[in-house]
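Keeping the supplied structure of chain W fixed, place chains V and C upon it in accordance with the hints.
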Amino acid sequence: MKATGAREIIANATIALLLLAVPLAASAMGEPFYVTLATRITILALAAAGLNIALGLGGLVSFGHAAFFGLGGYAAGIMAAHAFNAEPFFLGLDSTTSMPVIWLVAIVTCGLVALPIGAISLRTSGVYFIMITLAFAQMIYYFANSWPAYGGQDGLPIFIRNTFPGVNTAQPLPFFLLCYAALLLALLMFWSLRNSRFGAALQAARQNSVRVSAVGIAPFNVRLVAFVISAMVTGLAGALFADLNRFVSPSMLSWHMSGELIVLIVLGGIGRLFGPVAGAMLFVLLEHFLGGVTERWQLFLGLILLGVVLFARGGLLGMIAGKARHG
Amino acid sequence: MRSILATGLLGLSLSVSGLANAEPVKIGVITTLSGGGSGLGIDMRDAFTLAIDRSGNEDVELVIEDDAQKPEMAVQIANKMIQSDNVDLMTGIIWSNLAMAVVPSVTAQDVIYLSPNAGPSALAGERCHPNYFNVAYQNDNFHEAMGQYANEDYKNTFILAPNYPAGKDSLTGFKRFYEGELAGEIYTQVGQTDYAAEIAQIRSSGADSVFFFLPGGMGISFMKQYAQSGLDIPVMGPAFSFSQDVLPAVGEAALGVKNSATWSKDLDNEANKAFVEAFTEEYGRLPSVYAAQSWDTANLILSALEKASPDDKEAFRAALKEADFDSVRGEFAFNTNNHPIQNVYIREVVEEDGELTNKVVATAFEDHEDAFAQDCSM
Amino acid sequence: MSLALLIEQLLNGLQLGVMLFLMAAGLTLIFGVMGLINLAHGSLYMVGAFACAIVAAATGSFWIGLAASLVAAAAAGAIVEVTVIRRLYDRDHLDQVLATFALILVFSEGTRWVFGSFPLYLDIPPLLQGAVPLPGGGQYQLYRLAIIGVGIAVAIGLYLLISRTRLGMRIRAGESDREMIAALGVDIKTLYTVVFALGAALAGLAGALVGALQSVQVGMGEPVLILAFVVIVIGGIGSIKGALFGAILVGVVDTMGRVLLPQALSLMLPPSQAGLVGGALASMLIYIVMALILAFRPSGLFGAQS
Chain W
1 MKATGAREII ANATIALLLL AVPLAASAMG EPFYVTLATR ITILALAAAG LNIALGLGGL
61 VSFGHAAFFG LGGYAAGIMA AHAFNAEPFF LGLDSTTSMP VIWLVAIVTC GLVALPIGAI
121 SLRTSGVYFI MITLAFAQMI YYFANSWPAY GGQDGLPIFI RNTFPGVNTA QPLPFFLLCY
181 AALLLALLMF WSLRNSRFGA ALQAARQNSV RVSAVGIAPF NVRLVAFVIS AMVTGLAGAL
241 FADLNRFVSP SMLSWHMSGE LIVLIVLGGI GRLFGPVAGA MLFVLLEHFL GGVTERWQLF
301 LGLILLGVVL FARGGLLGMI AGKARHG
Chain V
1 MRSILATGLL GLSLSVSGLA NAEPVKIGVI TTLSGGGSGL GIDMRDAFTL AIDRSGNEDV
61 ELVIEDDAQK PEMAVQIANK MIQSDNVDLM TGIIWSNLAM AVVPSVTAQD VIYLSPNAGP
121 SALAGERCHP NYFNVAYQND NFHEAMGQYA NEDYKNTFIL APNYPAGKDS LTGFKRFYEG
181 ELAGEIYTQV GQTDYAAEIA QIRSSGADSV FFFLPGGMGI SFMKQYAQSG LDIPVMGPAF
241 SFSQDVLPAV GEAALGVKNS ATWSKDLDNE ANKAFVEAFT EEYGRLPSVY AAQSWDTANL
301 ILSALEKASP DDKEAFRAAL KEADFDSVRG EFAFNTNNHP IQNVYIREVV EEDGELTNKV
361 VATAFEDHED AFAQDCSM
Chain C
1 MSLALLIEQL LNGLQLGVML FLMAAGLTLI FGVMGLINLA HGSLYMVGAF ACAIVAAATG
61 SFWIGLAASL VAAAAAGAIV EVTVIRRLYD RDHLDQVLAT FALILVFSEG TRWVFGSFPL
121 YLDIPPLLQG AVPLPGGGQY QLYRLAIIGV GIAVAIGLYL LISRTRLGMR IRAGESDREM
181 IAALGVDIKT LYTVVFALGA ALAGLAGALV GALQSVQVGM GEPVLILAFV VIVIGGIGSI
241 KGALFGAILV GVVDTMGRVL LPQALSLMLP PSQAGLVGGA LASMLIYIVM ALILAFRPSG
301 LFGAQS
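Residue numbers (the numbering used here), protein chains in the order written: chain W, 1 to 327; chain V, 1 to 378; chain C, 1 to 306.
Don't take each hint at face value.
Unchecked claim - Here are the in silico distance ranges between beta carbons for each label pair:
1. V/D266 - C/M268: 46 to 54 Å
2. C/I156 - V/E351: 42 to 50 Å
3. C/I64 - V/D266: 36 to 44 Å
4. V/S377 - C/L128: 45 to 53 Å
5. C/F296 - W/A312: 52 to 60 Å
6. C/K241 - W/S196: 21 to 29 Å
7. C/V114 - V/V361: 33 to 41 Å
Keep in mind that the hints were calculated from the coordinates and are not lab data. Beta carbons are placed, not taken as given, at the ideal position from N, Cα and C, and that holds for glycine.
Bound-form chain W, shown alone (with noise of 0.2 Å):
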């Protein structure tokens, strides 16, 4: 048991260095591409980590933070496109291009729409869930298609990337290290909920919700305030991914988008502090290079995830680390 701890550290800390050390190298050899890739593969492992609270932390199988990645990927595109027209952005206020500021409006968003899906999608559980989550992201994903205002189908540019006090936002290096900044935050916030109190009872609740409410808490409670939390930092990843890509549009909000964050998951290991990264790495990778060698990537790509599900179980860390410590 020990073992595989130690084995499970040393994998961890191997991952967060090579996604420090790879972009940096390729920044010193002039292939800002790399760098680029990079940045994807951290901000999508940022929206996973944020769903990991959720899923992995809770047992909530949410099919629906596409939601929120989309919701901030808007805030984000919003805020940046008044700006840009020098409009008031809400309610006489004037908008910004301040990052932080975007930030904290894609994170206070998504824990407001968070807190009504939750308190009715937590009255039910299992596939149910699953489906309810589901249905509140398309009703969005809906929204967002038809509504004409903020470009529809079309979706929204962000003409130039928004701003970080002291920052040089437009150069890709730089912007990395913020969305790697905002990685890292999020996996020791991971971390200390899972040891925390409030961790300890969202684990017990998944694995024995009746004991939970012999000793005075509320199950119900716990799970919505993991599942805002959750939404709370997948908003984060999905105002970073605006601008990344410059651009927002209703694709960041469909199901292929929740199906994705739980692939990221499950590729990387359920439940795992890096299992969001690892499986991030491997599915921006293979996507990137198998799309590079053949147009049938798709098929390949299909063929690699049946192998991992099927052959790998607990995902690329369960492979490399063993058994996960329960929980």
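Same frame as chain W, now just chains V and C:
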């Protein structure tokens, strides 16, 4: 902020041009090669590669990648092509929403982009850019032509399109030239496959004609169901649902339908004859309107390469703007906003040697310009 | 709106519902018996449509194509069950979501590889062309009525199969206690393969029937898949009766929403605006209905209360 961006990009483009002198010209092609929409992208790619091959110009290198019809994917590929492959020019995108995702950032990075199909209104007006050339059409053009043509025969048209920006552009374009009454105006769901409810509404509306814009599988479904419903009110629409790639799937339901396009297989000019012959011989199928636009895009690039090197952006843009190539569409020129000035034709679906195809029956517009050029400050 | 038009639109809703039922019945059966979430169910629908289109084009007969679609979808289902799905029964839902998500990619690109990238042609058979008169002066397309008939027949057939046959008894037993029927000596592996193939055949049937109305192309199964999930969740997962009820509810609500919402809004807004807003609301409508139902009945309308 802007200046930091600009210096960064300037540094990038200098290093690129330093390398590129002795090397072939690299063209990045992002198009849809997988999934349900791949037929259009495959026609685009096939015509483009064929035009480059047949030109005998050995100094052109193509980098072709699949966007899977996902905007985020297209953005990522565009980044790779610019930052890693150091392409000189880019082209290939089929869909408006993907073009909106990719074009603004590509042109801002001082890479020239040539559109072989999509022409969203935003990129034609206020957001026009010297590095963006549309070799196909502005999105409204086909619909405007149909609206103009409908004036001849119809007084009470029922119009429908999907509920997204290109759909709204479509109905706006139609109404810009149509002078009769509207029997109804419906926005359908994106990706909708069953139109029984809409067809029932058309039947009860007393319309004397129907105009629809439903690209891809939506249009195939609509046309089949419309024919099966036994309604005999005449239908018309832009060429997307009557193009060579989907006609076999629509079947006889399409026979006799009038549709608008800037190109048809039977347009009488030398370039077109050569193109149709080359394409049919190489691939064993008739070319679609996407193939034609893509063939023109390739030939436009080749014509400009004879006059200037893409390393000298200013000169190369000027060379492109001259549009000094033999278009399969006949007369072709660029307007101030780098969008085409061209004829728009009305075609009719006919059967030829047991195969459904189109023939030109009228010219709706001669030397038509788009409605957004005056908003463009170029 | 006249009475005839109202009846016609209700029939349209019913026909959409029946088609969704064919999809949802298989999905809910597979979940009820094996506890499996199958995202690749839409791919089996696509297989049915492609098989029907290709065989009908080769033989000139829609009916042979229809038979081929049942065989092809059932065979595809059985092969997938034996090679992949079987290993997923004792996994949690997440592994099932990932594996069947991967299967969608494999099916879509595999189909495109074999049959090309351009949509295929399939028309309704001559026997079912034309329309029948409706009370109130309207008329309704014969083929769509036939789809409604097929749906009702399948619903009755499934009811009889499950309540009256030995196979049905095992299915019911499998739903309530999996260990027990294995202990009783029922060959559970074969039972699962048969149930999966049956669900696949129903999806293939739906694909073939709808293929004659729509475009037969790669990716056609995905929108239907999501709707079918909405249906089984509204009805209560594992319940065939719930799937039937949910399917008809979704079909009618979706169709009537598309028709009525823009008209209702046009009393307040100019026509193009009403069309836009009404269309947007209509596209969200069934998801709103679903969320409302689950908010009050967390296990669906006919689901076992957990």
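Non-conforming hints, listed in increasing numerical order: 4, 5, 6
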